[in-house]
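Participant: Here is how the chains run, residue by residue.
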Amino acid sequence: MAEQPREPQRPLPRLKELDTRAFWEATRNKELRYQRCDDCETVVFYPRRHCTGCLGSNLSWYTASGKGSIYSFSVVRQSYHPFFRSRVPYAVAWIDLDEGPRLLSNIVGVEDPGADLTIGQQVVVEWEEHEELSIPLFRPA
Amino acid sequence: MAAQGRDAAIVGIHEYPSRDVEGEFSPLQIKAESAARALEDAGLNWSDVDAIYDAGDGGGMAGLTISEYFGLHPRIIDTTNVGGSSYEYHAAHARRDIAAGKARVALLTYGSTAHSNAMAIGVGGRGGGVHPVDNMESFAGMTLVSNYAMAARRHMHQYGTTSEQLAEISTATRYHAMRNPQAVQAMQDLEFLDIRETTVEDVVNSRMIADPLHLLECCMISDGGGAVVIAAPDVARDCAKNPVWILGTGEATKYPEIGGDITISAAAASGPSAFAEAGVAPDEIDVAMIYDSFSITVLTLLEDLGFCAKGEGGAWVEGGRLRFDRPEDGPALNTDGGGLSSNHPGMRGIFLLLEATRQLRGESTSQVSDARLAVAHGNGGMLGSRHCAGTVILGRD
Chain G
1 MAEQPREPQR PLPRLKELDT RAFWEATRNK ELRYQRCDDC ETVVFYPRRH
51 CTGCLGSNLS WYTASGKGSI YSFSVVRQSY HPFFRSRVPY AVAWIDLDEG
101 PRLLSNIVGV EDPGADLTIG QQVVVEWEEH EELSIPLFRP A
Chain P
1 MAAQGRDAAI VGIHEYPSRD VEGEFSPLQI KAESAARALE DAGLNWSDVD
51 AIYDAGDGGG MAGLTISEYF GLHPRIIDTT NVGGSSYEYH AAHARRDIAA
101 GKARVALLTY GSTAHSNAMA IGVGGRGGGV HPVDNMESFA GMTLVSNYAM
151 AARRHMHQYG TTSEQLAEIS TATRYHAMRN PQAVQAMQDL EFLDIRETTV
201 EDVVNSRMIA DPLHLLECCM ISDGGGAVVI AAPDVARDCA KNPVWILGTG
251 EATKYPEIGG DITISAAAAS GPSAFAEAGV APDEIDVAMI YDSFSITVLT
301 LLEDLGFCAK GEGGAWVEGG RLRFDRPEDG PALNTDGGGL SSNHPGMRGI
351 FLLLEATRQL RGESTSQVSD ARLAVAHGNG GMLGSRHCAG TVILGRD
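Chains as they are written, first to last, in our numbering: chain G, 1 to 141; chain P, 1 to 397.
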């Protein structure tokens, strides 16, 4: 029997990357985490080992509610990437979490991303499960 | 003009003419050919060069590799790579090194075969790397175009900017491209459909690539390259052509931060620094060479450089204001045709210096009459997230 061609896959984060490993490990439990400095209270995002607000590295992890709003978005209609080409049109967006951090993701769960999304719209995380981690996507709240 | 610094001048330039080398020339060969022609333009030779500026397109250990390839033993090597703004940084650093007495003749080169290599710069996938940024963002499939599109969307949201206003950037650059034989040849070689001056309607009716940016708001992907020779004042006075002085420079960075405003670029910091150092105001500028990766890039940078107030760029560019034959309305934009309609091999910053120099020499194909002052502003990286800004103010005697 001929082997079926493998479906193109979403590019996934690498768990071995040292600054972001704890972030991605927490996604297994569907926790969306960010760091804040114990000493100067700076919120650090994307994750790092050191604080960008002071010279320390006493960063603690906090779990975000998963709620936020769309800061801006675009609808991708052309991509040459094997996976994303199969998904056009799809929405990419900067999401402002209620806790502050701004992260890049996709907005899912809308029929026509070109017509159904607006800046400022409230969204909530929707996890896409994979073997070793989950991907935080967002849908309208 | 007030007593401005005359520390260093552009004395030699060359723009590699082909936008499609069909795999017959390498980036290194484009760099060397451009360097030789630029030195010839200046009336100098290889042996005069004592400082090398290179963004790494010549291979690993960039400054060493390219020095051997050129057969040079430079006293200064600077391999700053900040994407498309690298060459504005190089010009600033060359002036600084010359002013400090560390160098007398600086050579900047660029070569790329992005088109021949079929690089999908704008709509490529951004595969998962090992840098923490990539590890946080690659999963979302943000193409380069959609990154800039998010800046455009936000600009529309905050200021009421329209697609028709953004289209003015594209029509102005095409207006200039149609007067530049190299740009017309480029569009033919890259198989543009319907090569002619465009209207606002043409732009907004072209295919959407990433909402709200249309095809004709996106730069091309070409081959190409060029070289710039910058020299100390005593060298410059003896060169073949009139010097184009570097009067002021500014550098700045921007990246995503909590509560950040992506409608404001790093140019809002680099621009004022450069203008202040030059002792020049934006309304004195005759030619604005502004990195036109996309329409929104130019609109944002025009505002941030102070040609109009923040948020008013849309209304300001209306009615063909940016054309070279309307000097009473402010600076002419990208008179070579820009990245939108002349060339974009990946890092376009060097071409901003080249055309600004041609204008101040009176050599442009869309010549602004009596052009005395120009700005070259490079944006390297991505407007909607992380980028560097390099502003260079140029003037002639």
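A portion of the hints provided could be inaccurate.
Stated by the list, open to error - With beta-carbon atoms standing in for the labels, derived distance ranges:
| # | chain 1 | residue 1 | chain 2 | residue 2 | range |
| --- | --- | --- | --- | --- | --- |
| 1 | P | Arg196 | G | Pro8 | 34 to 40 angstroms |
| 2 | P | Asp48 | G | Trp61 | 23 to 29 angstroms |
| 3 | G | Arg85 | P | Ala281 | 29 to 35 angstroms |
| 4 | P | Gly56 | G | Glu128 | 32 to 38 angstroms |
| 5 | G | Gln9 | P | Leu64 | 37 to 43 angstroms |
| 6 | G | Arg6 | P | Asp48 | 36 to 42 angstroms |
| 7 | G | Glu128 | P | Gly23 | 39 to 45 angstroms |
| 8 | G | Glu128 | P | Ala120 | 20 to 26 angstroms |
| 9 | P | Ala36 | G | Glu128 | 53 to 59 angstroms |
| 10 | G | His130 | P | Asp48 | 56 to 62 angstroms |
| 11 | P | Glu40 | G | Thr118 | 55 to 61 angstroms |
| 12 | G | Ser60 | P | Leu64 | 41 to 47 angstroms |
| 13 | P | Val133 | G | Cys54 | 55 to 61 angstroms |
| 14 | G | Pro8 | P | Asp194 | 31 to 37 angstroms |
What the hints assert, rightly or not - Only some residues are given here: those of chain G computed to face chain P with a beta carbon under 8 angstroms:
| # | residue |
| --- | --- |
| 15 | Gln9 |
| 16 | Pro11 |
| 17 | Pro13 |
| 18 | Thr20 |
| 19 | Val43 |
| 20 | Val75 |
| 21 | Arg77 |
| 22 | Gln78 |
| 23 | Val108 |
| 24 | Val110 |
| 25 | Gln121 |
To be verified - Covered by chain P, per the in silico footprint, the following chain G stretches (three or more residues, Cβ under 8 angstroms):
| # | region |
| --- | --- |
| 26 | 30-41 |
| 27 | 62-74 |
| 28 | 82-94 |
Just so you know, these hints were derived from the structure itself, not from any lab. Model, not experiment: these values are computed from the prediction. Cβ atoms here follow ideal geometry from the backbone N, Cα and C, with glycine treated the same way.
Participant: Could you check the structure against the hints above and give me the numbers of any it violates, in ascending order?
Facilitator: Of the numbered hints given earlier, those the structure breaks are 2, 3, 6, 13, 15, 23, 24, 25 and 26, listed in rising order.
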